[in-house]
Structure formats: C-alpha cells, structure tokens
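Residue numbers (the numbering used here), protein chains in the order written: chain X, 1350 to 1735; chain D, 10 to 294; chain H, 33 to 403.
Derived by calculation from the structure, the hints in this document are not laboratory data.
Here the structure is a predicted model, which means the values were calculated and not measured.
Treat the hints with caution; some may be incorrect.
These stretches of chain D come out as covered by chain X in the derived footprint (C-beta under 8 Å, 3 or more residues) [claimed, not checked]:
no., region
1, 45-54
2, 82-95
3, 225-233
All C-beta atoms in this analysis are idealised placements derived from N, C-alpha and C, irrespective of residue type, glycine included.
Each chain is listed here by its residues.
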Amino acid sequence: MLLVVPLLLFVGVTFLAPLGMMLLRSVHDPVVADALPETLGVLAEWDGEGLPPEAAYETIARELTRAREERTLGQVAGRVNRVESGMRSLFTRTARGLPEVTERPWREVMVELDEAWGQPAVWNAVRATGQRFTARHYLNAVDMQRLPDGSVARQPEERRIYLSLMWRTLWVSGAITVLCLLLGYPIAHLIAHSPPRRANLLLLLVLVPFWTSLLVRTTAWIVLLQTQGVLNDILVAIGLIGDDGRLTMIYNMTGTIVAMTHVLLPFMVLPLYSVMRAIPPRYMDAAASLGATPTQAFRRVYWPQTLPGVGAGSLLVFILAIGYYITPALVGGSSGQLISNMVAYHMQTSLNWGLAGALGGIMLAGVFVLYVLYDRLVGIERLSLS
Amino acid sequence: MSILNSTGGTRQVPVPVGRYAYLTFCALVFLFLVAPILVIVPLSFNAEPYFTFTEGMLRFDAEAYSLRWYREIVENEEWRRSLVNSLTIGISATVLATVLGTLAALGLANAHMPARRLVTGLLISPMVTPVIIAAAGMFFFYSSIGLGQTHLGLILAHTALGIPFVVITVTATLAGFDNNLTRAAASLGAGPVRTFRKVQLPLIAPGVLSGGLFAFATSFDEVVVVLFMAGVEQRTIPRQMWAGIREQISPAILAVATFLIGFAVLLLFAVEWLRRRNGSAPSRR
Amino acid sequence: MTRRRELRVRHSGLPGLAALLAIVCAGALQGAYAQSLTTVSWGGSYGRAVNEGINIPFTAETGIRINVEDYNGGLAQIRAQVDVGNIHWDVVDLEIADAVRGCDEGLLELIDVASMPPGADGTPAEDDFTPDSRTECGVGAVYWSTVYAYNSENIPGEKPATMADFFDLDRFPVRRAMRRVPQVNLEFALIADGVPLDEVYAVLDTPEGLNRAFRKLETIKDEVIWWEAGAQPPQMLADGEVVMSTAYNGRIFNAQVLENQPFVIVWDGQLLDVGQIGIVAGTPRLEAALEYVAFASRAEQQAAVGRRISYSPTRRSGAPLVTTHVETGVDMAPHLPASPGNVDRALRYDWQWWVDNQDELNERFSAWLAR
C-alpha cells in the first residue's frame, strides 16, 4: 500500500495541483482588489445609482498612479476591461494624464480627461472586478452576465458564443464517435475472426497509425486534403472535377472531422476487437442451425455480445474528442474550432485566464461524468491500450 | 476467411455480394487508416518544395527525388536541438514514470489496498483529462514554483502524463500474476525486496517495459504542454513541427514525419514483441 | 535462466540511469552559464533578414548568444510573462500600437532614444530617428507596409488593381487570405467600400463606420482563409491554396526575387506602418538587452536588414545605405513602400486610434470570426 504513496504524491503535485490552480483562477482573482483597496472601500458604500462620491475619484486617482508606478496598471486595466470593454485604454490613458496634485475636485479633472469617468458604468465595472471570489467567469462561460443591479441575464446577442461552441463540440464529438463506430466495427470484426497470422497483419494496419505521432498524422491530412493537395490532384487527374472546381476539404469543419476520425479510429477498433475475439464462433453457428438468417443471427446474437466493446470504444473516443485541441487548431480553420481552442485562445491571446479556467472547469466536469460512467460500465483499470 | 464464414451463415446461403461489399468496405477503411501515413514517405523525397507528387515523381524519374529535405533537417541547428530536448525530456520522464508507476501498480495489486478504485481513478486521470486544461494549469503552477521554461518542469509534466500508461500495463500484467509465488518465496525466507527482485520483477518486466515505451511515446509526441511551458531552449520535435505546420510547411516537415513514422513502427514492434513474451497477460484480451 | 540474465541486465542499467539523470540536470542548467539573450521577431524571410543583418554580427561583436523566438504580434505573450512573473523574452520586435500600449501598461522598459548611437553621418540619435518612429519604450526598427498581392499565374484574365477588387467576389471569385487580426482589415474594408483615404479613421471612429467595415468584411468572409504568420501568405500563394492575400510587402518581395514567384503587389490602399524594438519590463538581462537594442538601431544594421528585405530604415542616415538586394543585386528603391508610384494611394496607420481601440476590437473580431 505504501508503494502507492510516492506516485500519489507525485501526481498530486505535478498534475492535480495545476488543475486545482486552474480551477481556483476561475473563481478567484485578487488583482483589482489588491491594487485598488481604498477605492473599493469607498465604493462599498455607494448604491450603484448615479455617480460615486468625490472620495472615490480621489482614491482611484491615487491608486491608479501607484499602479502605474508599480507596473501593475496593465493587469488591473485588463481585468476591468473584461467586464466593460474600453476600460483598458481608459485606465492607461487616465493614469498617463493624471496630475500629481490638483486644486480642483478630482471628479472634474478625471471627467475632463475622459468623459467615461462621468458615467456609472466604469464604477460598476471596478466594483464587479474588485471581488476576490466571483462566479462571473462561469456566468460568462454560459453566455450570461451579471447586471449592475445584481441580477443575472443573458449576454447580448453578439457576445453569445460559448454555449453554441459547446454544442458544436458535443455534436462534432458525437459525429466522430458514430463515424468511428461505423468504420471501426466491420474491421474489428474482420480482424477478430481472421486466422491468427492474417489477424496480426491487419492489426498492424491499425496499430501503425495508433503509434504514429499525432502531428505526423495531422500533417498527412493537410498534404492530402488541401486545395492543391494529393486528393484534389487525383480527382482532377481522373476528371471527376475540373482544375477550377477543386474541393475545399480542409481548414473547415470537414477537415476537423476527417482528421479526428482518423486519429481516434484505433481507440474504437482496439476495444471492439478484444471483445469480439472472445466471442466463440459456435454461437453464430448455433443461431444459424436454428434457422436464423445471417442478419437475424447478427442482430440477436452477435451484436448484443459486442455491446461492452461498443460502449467502451464509444465512450473513450467521445471523451478524447471533447478535449481535442491540436487537430482542430491545425486543420479546422475558423469554422472547425472546438471548445478547447477557445480555452487556448483565452489562455494565450485574450489572457482572460479566469474565463479559460471556467470553460476548462465545465469541460472537466463533463469529462469527469463520462469518466465515472466509463468506470461503471467498463472499469478504468481495463482501459485497453492495444 | 471472413465474417460470414465464421458466422456460419454462408454455408447454407452463400451471399457473395454482401461479402464482397463487406470486404471492400473493410479494405477502404484500412486504406483510410494507412494511406495518409504512406503518402508522406515518398513526398519527403520530393526534389521540389511542393506537397504533391510532381510529374517527374510519377514517372519515377530519379531527378525528381532527392534527399535535400533530409539534409536540411540534419544541418539545421534548431532541429538538432529539438531532437536532443525530445530525447532528454522523453527518457527522463519515462524513467521516472516507470519507476513510480511500477511501484504504484504493485501497491494497487495488494489485496488489502484501501480505496483502490479512487486511487486508480486519480492515477489514470491524466490520460483522459483534456490536455489543454492540464497544460494551462501546469503553465500557472510550474511558473509559480520557478519551473516555467525549464527542462525539469517539462520532465515532471510529461512524467505525470505518462504514468497512467505504466500503471495500466503493469497492473494488467500483475493481474495474471500468481500470488502464490510471492507467498512461496516469503515462506522460503526471502524478504520483500528480494522477493520483488527474484520473483516479481522478472515476471512483470515485459509489462514494465511496454508501459515505459508507452510513456516514452507519449512524451515524445506531446505538444500541448510544451506549447504552454517551453521556451526556445526547451523546444522539442513536436513543438518544432507545430511551428512548421502553422507557419511554413516545407517538405522538411515531411522528412521529419517520415523519421517519426519509422520510429513509431520500431516502438510498435518492440511493444508487440514484449506482449508476445508476456503471453499470459490479460492486456492481450 | 534467461529470466535471471535479464534481471541482471536491468540491474546493471541503474548506474546508467543515474548518469542519464545527471546529464538531464546538466542540460536543465545549461541556459544559466552562457550569456544569452532571447529576441523575438516575426519569423520567415524577415526573421532571416534580422538574423543576418543584426543577430549574427551582434554575436560576433559581443559574444552574446542570441536565441530567436518567432511570434505573430500582439502583447498577449508579454502580458502573460509579466503577469505570472516568468520573463523569458528579452527584446521584442513590436507593432507600434503594441509598443505604446505595452509602455502604458508597464510591460516594456523605457528606452531613452538619446542613449542610442549616433547616425552613420554622426547625427545624434534623437535627430536621426524620424519623429514618427519614436515612442517612450520603443526604438524605430523599419518602415513596412501591408499590401495585398496575387499570383498572376492563377488569375487568367483581368488582374485586380485596386483595394475594391480584393473585396469584389463577382469579378474575382477566388479564395483569398487575410491576417487574423482586426487592424488593417477594417481599414482595407472601408477603403474598398469607397471611403476616401483621409477619412478612413474618422469613419472607423463612429459605431456606424465600424459596423460598415465589418459588413464589408462579411461579404467575403466565406472565401477568406485567415493567416497569422507573415510567412504564410507567400506560401499559400505559391501553393495555390489562395489566389490573393494581404501580406507584409517584404515577404512578397523576397518570394519574387529569391524564388521567382509570379506574385504581383497591388500598392493601391497599402497601409504604411513602422516597427519598434522594445525590451520586456523586468528582464533579468536588461544590460545585454539594451546593448542589443543599441546595436540593432545602428544605421548600418538597419540598412543591412533593408538590403535583405524591402523595408526601409527609420534613421534618416540609414536610408541612403539601402542600395541593392544583397543576394540578387536587385535595386531596392522600386520595391520600397514609400517609393513614388507605390505611395500614391497609401494610408498611414493611425496607431493612436488602435492604441485606444485594439482590445475591444480584438474581442469583437474574434467573436465575429467564431460565428
């Protein structure tokens, strides 16, 4: 038993802790709270209607200047910008233009710098991002938002993208699973009921792609499918399409589905194969001798026995498809992107790490449910590798 | 021999049409599986910077083929460095994952192991967790403990990703292991360490090695974590390929791909060979 | 028996493993002892020009090793590094709007232009750099431009000649490529929609104008492939993946002269811009980074880059040094964006406008793309 401890600790530190950190980020963000503590203190008293008191202007002017000096202004401005767009440039511009001291009321000075300071929206945004713990990112991830009055509402039409992206990811993963099943079932059957030598040879045809680098396989599909690629060349050469009628098969959803089906097919074939191999041929013989047609025999005798393999393969393919990133990123163009690509976008480009964490959290929850389901149906320790 | 023969249906009612349709379909699926990989190999010898077969290549004109892309990658310092990185990271992660994973699998095989299901679930979770989420979390976590952009950070990350494979294969091997052997060894006065070395290890060695190969293949092919965590100094072969595919596909990528295909075939044969040696292991199922 | 032998083999492997781990640790520490600097540039043929014109001579002169990393613009990677406090980039070749925003946000070090070396003719640096190429945290690198180009072999009949043609699906029903960012594309869309050059930014500054630009982009969206790296457009044009594409003018030039590609640049509506070199705030290698920036901004070095790719120096004293293309001897002048004939219908990039609007438009643009 103690033998398990080192690994458990290792996985805990190197893998589970990072996941935890990611999830923590989806609900916890202290940047604004740390940078503008006094302003937030003043705003706590404010009712959210009209403009906050002069004290708020005075403290935020001081705290913005300090943030600029401490080089944290960019982070603060970036956070507030996520709630109310335009805030990043407002903050940086304001901090650049603020005088050190002034005789006039700060409100006047700041509104003069930018009239946005004369509107409650800025202040609501500051107050919203000032919470250390927030459900904002999860709301955002399901296309909802919290209004200044505290109520929850749907995002405006043009900002609703995540739910539809989640649906897209689910149906694409589903389609890929079905495709893998349709393509994988017959060949698993063929391999399982071939004589050993031929079976081994055929199995190699499944295992070679399985072991080949994912990037190599994705490259292969680019080579095959692009407009000037091998497949189009063949179609033109045999006269099926004209040279100007070349098909667009990549950098869109088609590319994503084709390449991912190829990548995931072995994960379907291998569990199916191992289940089918265990089915004795005499069952089918018995069915036939009792007068069943091959179709009947297949439907009533063979198919039910392969269901564990169908379930294992389908779940595995589906789980893996949901989390796929590389293949859609390389061959998906803009229409073939999945939810993982959005997580990557918020991690690397928009730097909305809280939202990336929330989208990741939702994905994790989904995968967790499927994982438990897999455990119940198949048993995780029986995850078949080949 | 095919489906209908073995199902017995054809003996009375031969339906060759259905059978041929079925065989053709299977042939097409196999083609779908291997053709993309096979297409890459000849194209990597293209003398022109294109991704498609030139007329010369189709005529088997010797002039149309060349090793220029292979020369290019061999002479390129970045590719050389990435190979070194891939090997150091891959081998170190494999060693770590194999040692820790084997120990854990032995522990899990113990009949008195509490919460076995939960523990197994945790240990295998890196395999099914969407790697983008793991990579994102690792980026924050490893940066915060000063291991961002280091080889060590990547080694630890890849070890975590490789562990499930070791745990699964070794567990599978152990499931076919007769515990009476250890008991016999113990009754003959062997200590636990000695029992492990003399009795268990020789029997599970093939499982351990193939788990290690899986772990190595995982690290060697991993790109998402590398994308998030590696600086220029830690770039691996897949990272280098990623940049190549995203930015400028030159047939040099195909040369690397061909090399990786050869490598995959080698790994595959190694694992298959180990599996044969370990005939009783249920991982064959 | 064989089993036992195998066991022994595995045993003898242990010291080997220890040695291997030692090597790995040594490798992990490798970065620490050699004085090196990570410079970030735009890859492809521009990256090569910078490497040959600046990096190699810099290493020869100072002994400081340069690691080159490629990126495709934007502040995200710098923000991420500063945010998590793990800085591994030192010097970055930036778009000017990013240099200004990065400066405001504290992502870049301040650079005093007066500390830069004097011009080739001895002019002090502050007078030698053109005024529009100087910002608080950046030193001017090169003048460059975004244009669109087409592969003349793949357009049989009438050739496109104006920005409007790029957006004309009826006359040119072909696939085209554009950079996957809002900037430049929105300007191009308005120019194509008939907005006079000097009113483009005034129109963009209104909500209706922005909508108009997006609507214009929408008309060709289905036929557009989005590129990120500057090396992609010449590649896609050569492969025939697209027939026309927006591109950095120098990339097209290099494909023309070095690979004899039948590409034609349409200068109509080109967007003139200036690049900046900046230093990531908080880099532990600040001194070496400053040394690099000073070296890179020498007139001779700027010209060395300009003789390898058709971008012109930001130093007045550097301009006359750009004579012919180093490898082919082609006269550079006709290929520079600011040359007469090319510059007739050019728009100057209003980086100030983009400083204020970039984040918002990045967001809107990516949402628009995802739909």
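Results for each hint:
no. : hint    : result
1   : 45-54   : holds (count 5)
2   : 82-95   : violated (count 0)
3   : 225-233 : holds (count 5)
Violated hint for the displayed structure: number 2, the only one.
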